[in-house]
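Visitor: For reference, the chains in residue letters:
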Amino acid sequence: MALDFNQDFFELFGLQPRFQIDLAKLEQSYRDIQSRVHPDRFAHLSQAERRVSMQWATRANEAYQTLKRPLTRARYLLLLQGVHTQEETNTAMPAEFLMAQLEWREAIQDARSARDGHGLMHLETKLNRDLAEMHEELARLLDAEKNFPAAAETVRKLRFYEKLQHEIGEALESIET
Amino acid sequence: MALLQISEPGMGTAPHEHRLAVGIDLGTTNSLVATVRNGISVVINDEEGRPLLPSVVHYDRGGCAQVGYGAQTLQSQDPHNTIVSVKRFMGRGLKDIEDIGRMPYHFVDAPGMVQIRAACGIRSPVEVSAEILKVLRARGEKALGGELVGAVITVPAYFDDAQRQATKDAAKLAGLNVLRLLNEPTAAAIAYGLDNAAEGIYAVYDLGGGTFDISILRLSQGVFEVLATAGDSALGGDDFDQRVFCWALEKSNLSFVTPHDMRNLLTRAREAKEALTEHGEARMTSVLMGGETIDLTLTGDIFTDITRTLVNKTLVPTRKALRDAGLTVEQVKGVVMVGGATRMPQIQRAVAEFFRQEPLNNLDPEKVVALGAAIQANLLAGNRGADDWLLLDVIPLSLGIETMGGLTEKIIPRNSTIPVARAQEFTTFKDGQAAMSIHVVQGERELVADCRSLARFELKGIPPMVAGAARVRVTFQVDADGLLSVTAQEKASGVEASVAVKPSYGLTDEQITGMLKDSYLHAKEDVHARALREQQVDGQRLLEATQSALEENGEALLSAEERAAIDEEMARLRAALQSDNLKAIKLAVDRLNHATVEFASRRMNASIRQALTGHRIDELAAIGDQPSTKADVNSAASSKP
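These protein sequence lines map, in sequence, to chains A and B. Heads up, the first sequence is in the numbering used here, so the first residue is 1 and it goes up one at a time. Heads up, the second sequence is in the numbering used here, so the first residue is 1001 and it goes up one at a time.
The hints are simulated quantities; they were obtained by calculation from the structure and are not laboratory data. This structure is a prediction, so every number in the text was calculated from the model and none was measured. Some clues are possibly wrong.
Taking lysine-lysine pairs in the DSSO-like style, the calculated list, with each CA pair at most 30 Å apart, reads [stated by the list, open to error]:
{"no.": "1", "chain 1": "A", "residue 1": "Lys157", "chain 2": "A", "residue 2": "Lys25"}
{"no.": "2", "chain 1": "B", "residue 1": "Lys1333", "chain 2": "B", "residue 2": "Lys1430"}
{"no.": "3", "chain 1": "B", "residue 1": "Lys1172", "chain 2": "B", "residue 2": "Lys1095"}
{"no.": "4", "chain 1": "A", "residue 1": "Lys163", "chain 2": "B", "residue 2": "Lys1410"}
{"no.": "5", "chain 1": "B", "residue 1": "Lys1410", "chain 2": "B", "residue 2": "Lys1095"}
{"no.": "6", "chain 1": "B", "residue 1": "Lys1313", "chain 2": "A", "residue 2": "Lys163"}
{"no.": "7", "chain 1": "B", "residue 1": "Lys1410", "chain 2": "B", "residue 2": "Lys1313"}
{"no.": "8", "chain 1": "B", "residue 1": "Lys1134", "chain 2": "B", "residue 2": "Lys1172"}
{"no.": "9", "chain 1": "A", "residue 1": "Lys163", "chain 2": "A", "residue 2": "Lys25"}
{"no.": "10", "chain 1": "A", "residue 1": "Lys146", "chain 2": "A", "residue 2": "Lys163"}
{"no.": "11", "chain 1": "A", "residue 1": "Lys157", "chain 2": "B", "residue 2": "Lys1410"}
{"no.": "12", "chain 1": "A", "residue 1": "Lys126", "chain 2": "A", "residue 2": "Lys146"}
{"no.": "13", "chain 1": "B", "residue 1": "Lys1333", "chain 2": "B", "residue 2": "Lys1313"}
{"no.": "14", "chain 1": "A", "residue 1": "Lys68", "chain 2": "B", "residue 2": "Lys1410"}
{"no.": "15", "chain 1": "A", "residue 1": "Lys146", "chain 2": "A", "residue 2": "Lys25"}
{"no.": "16", "chain 1": "A", "residue 1": "Lys25", "chain 2": "B", "residue 2": "Lys1333"}
{"no.": "17", "chain 1": "B", "residue 1": "Lys1586", "chain 2": "B", "residue 2": "Lys1134"}
{"no.": "18", "chain 1": "A", "residue 1": "Lys163", "chain 2": "A", "residue 2": "Lys126"}
{"no.": "19", "chain 1": "B", "residue 1": "Lys1430", "chain 2": "B", "residue 2": "Lys1410"}
{"no.": "20", "chain 1": "B", "residue 1": "Lys1134", "chain 2": "A", "residue 2": "Lys126"}
{"no.": "21", "chain 1": "B", "residue 1": "Lys1460", "chain 2": "B", "residue 2": "Lys1410"}
{"no.": "22", "chain 1": "B", "residue 1": "Lys1586", "chain 2": "B", "residue 2": "Lys1172"}
{"no.": "23", "chain 1": "B", "residue 1": "Lys1333", "chain 2": "A", "residue 2": "Lys68"}
{"no.": "24", "chain 1": "B", "residue 1": "Lys1410", "chain 2": "A", "residue 2": "Lys126"}
Covered, in the sense of this in silico footprint (three residues per stretch, anywhere, with C-beta under 8 Å from a C-beta of chain B), are these stretches of chain A [to be verified]:
{"no.": "25", "segment": "52 to 58"}
{"no.": "26", "segment": "83 to 90"}
{"no.": "27", "segment": "113 to 126"}
{"no.": "28", "segment": "150 to 159"}
{"no.": "29", "segment": "162 to 175"}
Note that CB positions come from ideal geometry on N, CA and C, so glycine has one too.
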């Protein structure tokens, strides 16, 4: 069959394999597919159909979640090119970048200790700006320049930023309770 | 026993046959059953016209269970044997239950889940819940005039795997075919959303008798997408009663009361709380067994004061859910109120203030969950005209495993859309390590000790390798009920060491069968007869489903040979169904299921391809192009909006 589990996530949703995608179209395709494969459509049918439905719905969810978020989308695109982002093993980051990370951490910690909700929100806004810049960089590296090693490094950096985002969320949560 | 209707081979059954299905809201304080009749979801009342069934079970010495209003009247008379709010014990161990000292029951610590010693013996919360479900099932069958195809049972969105599994086991024990476990706020959203043709971001604030859930959903073009959910599975209206009760003791200078008095006072407390919803103040009077008199006046201000922390406790998960959804209060278009406890003016005010808008109360907060569950049950049972909406729900708590140092490694994060599967590789810590212990946990905390332990299992037979060389792949699969199964496999050596676990607190099928047999001792119904009937119904359904699938696209997707193989298994099943041989029917069902696996997957592929084609045609049409072929036009027309 032409359409099967070996098909990549972009094909599944009828999209071109690019970093810059039409999110509205992704969403629409995802919904179209889920409304056909979701287990709720097969609850009254045979075990065989229910099993296939669960596999497909699981796959559609995985594909959608992967393509929806910039970090996972970039990582997946690189994987399709045979480039592993090595986020766990390759920790050789530029000293300047690591210094900036330390400063971020400190600022979050300070705001958390001071129970400064406004300060944390401010940090979040600033972080979101940085994230947007990195997404633009990924679009350039992946779609225009096809510079995959550089894109892999940006993905590694992005991973650090997502951790910061998570930390800000936790800090906000901790001062609310 | 009624004769089973078997249609002529190849004819299928009447296309408009309505399959009987119900939605059940198994609540902490009250339970309800609802169904869709003539396209409208309605709650089924009892013979006296009452919609609610108090979730109270009384056991007598002989083991006979009385459920509902009758049991409620025995509460203060026989507190040890009258079990209220059993939902709080579902899937919980003794140490999980906070105010255990204040409950009149004789608890028995059992692995995984606490049990209760009643006059007739030890009962698990699963069995107690099954008694409630049996009454609702009977109510449904009587009103609908036939056996049910199945039921959708609702659970708090914040229920973990143990609590969900326990609920499913209880339904099985009550003889119900569970079509789906559905999250309560999601059920409410379905009822509300379909009723009001709602579009946009909605919050569902669900404060029940013993649980609190907050869900954030996006409703658009018939899709109900849960973006985030949070809550507290041990916070509800009961806690407000408890606060009033404590206040009353304090005001009357009492420090200890008998279980009988406690029950009695808690009832008075609840009545006072409910009276406050209508009036500015409520009087609370009672004479205790020792002769002490209690005569107090509870004002709205006092009540607000003593329950402020509880109200605030609901806002913490509310903020968390919004943040997880990546949304702000301003983006929420409406707040749907669910659960009897949301009738309290204090709650209404707090929610209005937090969301900066008046909450929506246009559906009865006590019925809306059951109504939504019935709508989904109707869809899942395969009734026609019920397929124009789609529900995408999430898991409430992260799932992970224990790694070195008692830390949690999250494998599936909370708020992942289900069904979901995720695999992760782990390796050995020591040279020559032959086994690996895998500990599955659920929760958000970093330390394993702070999360809920779901299961432990050992992967044995890893061949001798240096530390770090083995590749153990652990796969988590969460199904559409939000239930987890785990498999593990050692890859590097090529040795298949794979194991599937069902978390340990779940009852085994043998245990359920045992309980079922016990219950039939009282019910005078033959277990075997019931199993046979269920298997026959199951077999008949499979035949119908296969038949209609073949009619739809058997010709297009199967070769003559493949078609013949399926026809042969269908004939075998048809023949088996003429007999009363349970095993033969089961075998034929399994064989037919097996024979149609490839056909099912081709059908799915065809359907997905159609979705994509349809989509492309939509786009072409949008820019003014003519659809190219007739077939494409058809597929575009049949694709979902």
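Visitor: Hint by hint, say whether it matches the structure.
Guide: Okay, the hints, checked on the actual structure:
Taking the CA atoms of lysine 157/A and lysine 25/A, the gap is about 28 Å. The hint holds against a cut of 30 Å. Between lysine 1333/B and lysine 1430/B the alpha-carbon distance is near 56 Å, which puts this suggested pair outside the 30 Å criterion. The hinted pair formed by lysine 1172/B and lysine 1095/B meets the criterion: a straight-line CA distance of about 27 Å does not exceed 30 Å. Taking the CA atoms of lysine 163/A and lysine 1410/B, the gap is near 14 Å; set against the 30 Å cutoff, the hint holds.
Distance check on the hinted pair: lysine 1410/B and lysine 1095/B sit about 24 Å apart at the alpha-carbon level, within 30 Å; holds. With a C-alpha separation of about 27 Å, the suggested pair lysine 1313/B and lysine 163/A falls inside the 30 Å cut-off, and the hint holds. Among the hinted pairs, lysine 1410/B with lysine 1313/B is consistent with the structure: their alpha-carbon atoms are about 26 Å apart, no more than 30 Å. About 10 Å separates the Cα atoms of lysine 1134/B and lysine 1172/B, which keeps this hinted pair within 30 Å; it holds.
Distance restraint check for lysine 163/A and lysine 25/A: the Cα-Cα separation of roughly 28 Å lies within the 30 Å cut-off, and the hinted pair is therefore satisfied. In summary, the hint linking lysine 146/A to lysine 163/A is supported, as the alpha carbons are separated by about 26 Å, within the 30 Å threshold. Taking the CA atoms of lysine 157/A and lysine 1410/B, the gap is near 21 Å; set against the 30 Å cutoff, the hint holds. At most 30 Å may separate the alpha-carbon atoms for a hinted pair to count; lysine 126/A and lysine 146/A meet this at roughly 28 Å.
In summary, the hint linking lysine 1333/B to lysine 1313/B is supported, as the alpha carbons are separated by about 23 Å, within the 30 Å threshold. In summary, the hint linking lysine 68/A to lysine 1410/B is supported, as the alpha carbons are separated by about 20 Å, within the 30 Å threshold. Among the hinted pairs, lysine 146/A with lysine 25/A is consistent with the structure: their alpha-carbon atoms are about 24 Å apart, no more than 30 Å. This hinted pair checks out: lysine 25/A and lysine 1333/B have alpha carbons roughly 24 Å apart, not beyond 30 Å.
Our distance criterion of 30 Å between C-alpha atoms is met by lysine 1586/B and lysine 1134/B, whose separation comes to about 25 Å. Restraint check: the Cα-Cα separation between lysine 163/A and lysine 126/A comes to about 15 Å, which is no more than 30 Å; the hinted pair holds. A C-alpha spacing of about 23 Å is found between lysine 1430/B and lysine 1410/B, which places the hinted pair at or below 30 Å, so the restraint holds. Simply put, lysine 1134/B and lysine 126/A have alpha-carbon atoms about 57 Å apart, too far for the 30 Å limit, and the pair is violated.
Using a Cα cut-off of 30 Å, the hinted pair lysine 1460/B and lysine 1410/B holds, with the two alpha carbons roughly 23 Å apart. Annotation: proposed proximity of lysine 1586/B to lysine 1172/B holds, straight-line Cα distance about 18 Å (limit 30 Å). Of the supplied pair hints, the one linking lysine 1333/B and lysine 68/A holds, its CA atoms being roughly 24 Å apart against a limit of 30 Å. Among the hinted pairs, lysine 1410/B with lysine 126/A is consistent with the structure: their alpha-carbon atoms are about 28 Å apart, no more than 30 Å.
Interface restraint, the segment 52 to 58 of chain A with chain B: holds (6 residues with C-beta to C-beta distance below 8 Å; minimum three). Requiring three or more residues with a Cβ within less than 8 Å of a Cβ of chain B, the coverage given for the segment 83 to 90 of chain A is violated, as only 0 such residues are present. Closer than 8 Å: that is the beta-carbon criterion, and the segment 113 to 126 of chain A has 0 residues meeting it against chain B, so the requirement of 3 is violated. With a cut-off of 8 Å between beta carbons, the segment 150 to 159 of chain A has 0 residues touching chain B; three or more are needed, and the interface restraint is violated.
Under a criterion of three residues with beta carbons nearer than 8 Å to beta carbons of chain B, the stated coverage of the segment 162 to 175 of chain A is upheld, 3 such residues being counted.
Of the numbered hints stated above, those contradicted by the structure are hints 2, 20, 26, 27, 28, listed in ascending order.
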